[in-house]
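Colleague: Spelled out from the first residue to the last, the chains are:
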Amino acid sequence: MGVPVNHSDKIAAGLLLALVGAIFIVTDDFPLGPNVTGPAFYPRVIGGLIAIFAVIQVVKSVVKEDTSSHIVDQEAAKRVAIPLGLIIAYVVSMPYVGFLIATIGFLFATMRYSGVNKVVQSLGLSVGVALVLFYVFRQFLRVPLPLNPFFAFERLLPFVSTMSVSGLLG
Amino acid sequence: MDERPDVGHGSGGSIAEQYYGYHGMTGGLISGLIGGVGLVFQPFALLLIVIGVTIGIVMGSIPGMTATMTVAVLVSFTFGMTPTEGMMLLLGIYGGALYAGSIPAILIRTPGTPSAAATLFDGFPMSEDGEAGKAIGIATVASFIGGAVSVVIITLLSPSIADVALVFRSPEYFALAFFGLTIIASVSGDSVVKGMISGLLGMLIATVGIDPNVGFVRFTFGYDFLSAGVQFIAVMIGLFGLAEGLNRYQEGISMLSIRQELENITPSLAEWREIRGVTLGSSVIGTIIGAIPGAGGDIASFVTYNEAKRWTSNAVPAFGEGNPRGVAAAESGNNASTGGALVPTLTLGIPGDSVTAILIGALMVHGIRPGPGLFETEVDLVFSIFVGFFVVYLLILMFGLLGAHIWVRIINFPPKYLWPVILVLCVVGSFALRGGLFDVWAMVLAGALGFLLRADGYPLAPMVLGLILGPIAESNLRRSLDISGGSMEIFLASPLAMAILLLSVVSLTFPWIAARTRS
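Taken in order, these protein sequences are the chains called A and B. Yeah, the first sequence ends on 170 if you go by the numbering used here, and it's all consecutive. Yeah, the second sequence ends on 1519 if you go by the numbering used here, and it's all consecutive.
No lab work stands behind these hints: they were computed from the structure. Don't take each hint at face value.
[As the list claims (entries may be wrong)] Below 27 Å or equal to it, Euclidean Cα-Cα: the simulated BS3-like pairs (lysine-lysine) are:
no., chain 1, residue 1, chain 2, residue 2
1, A, K78, B, K1416
2, A, K10, A, K60
3, A, K64, A, K118
4, A, K118, B, K1309
5, A, K78, A, K10
6, A, K60, A, K118
Here chain A stands alone, though its shape is the one from the complex (with noise of 0.2 Å):
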């Protein structure tokens, strides 16, 4: 089943126009500076430019009789919001579990959810391809990937770096 959403062009205009106004609320506070232009000078031009492009948009659609309408199916959001919540959870739990085992329990998950049956499969691909990743990224690339913060299991995987967490868990 889906949802209409109708003049979505001129509701776009309208929070464009809303985030114009935020540009020069915020930008008031700015101090003027040793020269002409100060700090607020340029975002304040694109945030002008940004409303007469809006205005232009709206006007277009009125003078158009555009509706710009969209059908929402809700199977489909569904279909975006799982992948995109995997994701969220995936960054989220990053810090408090390492690297390894978030992207373990992701990939897992998201391959179930992209329609990888086979439990065994999808388990051996995600550790693999996460143990491929980890060493590429940590070991090759020297990129500080968290590691599990409780007890960092990952010390004791072969050839593993004792590298700090820096950037991460401070």
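Dock chain B against chain A, hints included.
Modeller: Relative to chain A, chain B alone:
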């Protein structure tokens, strides 16, 4: 480029003189090329080209996997390499993916990348007539010629263009950045207005962080991690990787199943004679179109296809019914656009298309800002890019003719395995930028925003260009106005800036005028 002082170019001779001059044009060019060959023909650099071309062909063969997405999610692998090595990997992916988009276009009437959309007009009918091998062979040879011709052209012309750019001061640079945005907005979508809004939003995102002229911290809302600004590579990974993934999941990832046996892949001498004129002509046109910021392989292939159709009267079979010249024109045109896209990227620092925007980002990670200065300070890198890109196309010719039997099977690779890995690469790639989660969240936000904007018809390429051009436009606009005491006459006083700004107005109004004329 935005660091350039507002004075004319100093002593030391022009770039073209430095580039060609010491031993005459031929001697200078040859010595430069020898330097480039020395850098490219290192075992690791060559291996990276082979890996890049292979990844590019594999990903380009799978419908829906674009060159931009592949380069965006794999750019993080180059952070630990030298700039030359990183460029070799990325150029290999770029060329390989653009070429391989033709394989599913020919076999299953589904272009692997948008650039291959014109290839299917004649490629698929040839496939239906049992000539899939011949079509892929012609696409391979035409892709090689297109890419190789464009590399030769840009090697010869880029220093002269960089020379012209050296006389640019702040007004001209501002005009150029504005022109880049307007032309991209006008060619990258159905609506110029939405394209401009998308580009301006990119410019707005680029204002987060420290103001380039007086050092004031803007739009950080008390969060220190915002002071350094939003990493535009993270935004690009989100816009082209995550947003594309969400789009694929929305459509429902499904698996194709084809079985094709190919024969007679290498074109015969008679077939080569038939396509050579169209291929060479399309290569030159494709290079020119590629050099226009925003006009990438998709536009180049449609233009060259239409031109080939116009050149060839009474074609048998007719264009659209399986004429090999149609395949040759589209493929040489879109591959030639890759070399063309490097011209504004390297000489002006303005990306020719979305992939070259990521190349700029990859170089900036190494502290290198493309622009005319690149031809003075990073001559070896510039030459290695030219030589490396030529090698990329040689490998494409080799892999394409010898490995076509393998590539056609990749079309069947199930996306259910691939997309989860690509999503992880989006996260890891953005994490690798600064080793923190801030860039990952920026990527996720950009991906979600990109998905929504795309769903409502806003093209994403202008936003990326806005991110890159925003700081250039700001520093040069403000510097110009500071010099002139706030008077806009500084732009009128420069004939070059005026001409570029007038071109911007033309590019903005042209689609509207063209539509009115048609109606």
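Colleague: Broken hints, numbered, in rising order?
Modeller: Structure breaks hints 3, 4 and 6.
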